[in-house]
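Taking the hints into account, I'd like the entire structure generated from these sequences.
In our numbering, the protein residues as written are 3 to 276.
Hints were generated in silico from the structure; no laboratory data involved. Hints should not be assumed to be uniformly reliable.
[Said to hold, decoys possible] FRET-style restraints, in silico, Cβ to Cβ:
#	residue 1	residue 2	range
1	L69	Q216	36 to 42 angstroms
2	T104	P205	35 to 41 angstroms
3	G47	N240	22 to 28 angstroms
4	A106	S222	31 to 37 angstroms
5	F183	V136	28 to 34 angstroms
6	I145	S191	24 to 30 angstroms
7	S191	V68	19 to 25 angstroms
8	P246	L82	45 to 51 angstroms
9	P244	L32	32 to 38 angstroms
10	R54	V228	17 to 23 angstroms
11	A72	L16	20 to 26 angstroms
12	W234	S28	30 to 36 angstroms
13	T104	I145	27 to 33 angstroms
The C-beta atom is built at its ideal place from N, Cα and C for all residues, glycine as well.
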Amino acid sequence: MSTTTGVLRADGPLGHMPAYGSAHVSMLVLLVASGILVVVWARRGDPLTVDRALRSAGWALLVNSVLWTAWGFTPWAWNLEESLPLHLSDALRFLGAVALITRARWLIVVTYFWGLTLNLQSVLTPDVNYFVSVPLEFAEYWIAHLSGVLIPVTLIWGQRYRPTWRGYGVAYGVTLLWAGFAATGNALSGANYGYLNHAPSGPSILDLLGPWPQYLVVESVLIAAVWALMTWPWVLLNRRSPAPLTGRGGLLRQPPVAGHVANNVRRPPQAATI
Numbered sequence: 003m004s005t006t007t008g009v010l011r012a013d014g015p016l017g018h019m020p021a022y023g024s025a026h027v028s029m030l031v032l033l034v035a036s037g038i039l040v041v042v043w044a045r046r047g048d049p050l051t052v053d054r055a056l057r058s059a060g061w062a063l064l065v066n067s068v069l070w071t072a073w074g075f076t077p078w079a080w081n082l083e084e085s086l087p088l089h090l091s092d093a094l095r096f097l098g099a100v101a102l103i104t105r106a107r108w109l110i111v112v113t114y115f116w117g118l119t120l121n122l123q124s125v126l127t128p129d130v131n132y133f134v135s136v137p138l139e140f141a142e143y144w145i146a147h148l149s150g151v152l153i154p155v156t157l158i159w160g161q162r163y164r165p166t167w168r169g170y171g172v173a174y175g176v177t178l179l180w181a182g183f184a185a186t187g188n189a190l191s192g193a194n195y196g197y198l199n200h201a202p203s204g205p206s207i208l209d210l211l212g213p214w215p216q217y218l219v220v221e222s223v224l225i226a227a228v229w230a231l232m233t234w235p236w237v238l239l240n241r242r243s244p245a246p247l248t249g250r251g252g253l254l255r256q257p258p259v260a261g262h263v264a265n266n267v268r269r270p271p272q273a274a275t276i
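Here it is as C-alpha cells:
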C-alpha cells in the first residue's frame, strides 16, 4: 500500500505488518488448517449441502468485495495507487467469488493458477501498510489473499476438478489480458498496479528475478513454466484414471461422483461432458 495522496494520509501510514511477525504467522497457520479442513469437508460432506455452502460463501465474498472496492473510493480512503481495482488480488477477489457461485470452468482454472502462485506471493511475503483502520485493513487483506488460496484448493482437491492443457492456455491468456489492463491503468495514473512498473518496497520474490523491466520477462517465462508443472500431474493422473471433460471448452476434467451436484443437479447429465 502506498503512502502517497490523500489529505488523511499526509502523515504516512498508521502502521505496518512485518513479514513473519506474529500476525503474519498466525494467518499462515490459519491457512494451512483451513485448507485441510475444507478439502476433507468438501469430499466427505453431502454434495448438495457442500454446493449450497460454497455458493453462499461465494455470495458473501462477492458482497464483501463490492463493499471493499466502494470503500476505496470514499474520501477518507481514496488513494490513486491503491483504490482502483487493478491489482491482481483485486481481480481475484471477484473471480474467485463468482467461481464459487457459478462454477464457470474458465474461472476455476484462473483461480487455480492465480491463487496458488501470484496470489501466494502476497501470502508469503506481504507488503501491508495501514492507513485508515488497522483492524479493517488487516481483515480485508487476509480475506482477499486467504480466500484466493482456499477457493482453488476447495474446488480442485475438494471438488476434484482437474485442469487440462486447454485450461492452462486460457488462464495464461486471461493473465496477459489483465496485465494489459493494469499496464494501461498505470500509464494513465502513474501508479504501480500489479508491480508492473517496479518491485514492492519490501522484500518479495521479485527481488530474485532481477531489476525492472527484466523481472517482468523472467516472471512471464517462470509463470508459464510453473503453471505447466501445475498442469502436468493432472494430465498424468487422467491417463491412469480417466475422467470426462466437464463444461465447455475442455478446460477441466472431473471424475463422476454419485450424487455430485455440479454434474447432476444444475444441468442434465448428458450436458456435463463434451
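Inset, instruction - Against the earlier hints, flag every one the structure doesn't satisfy and list their numbers going up. - result: 4, 10 and 13
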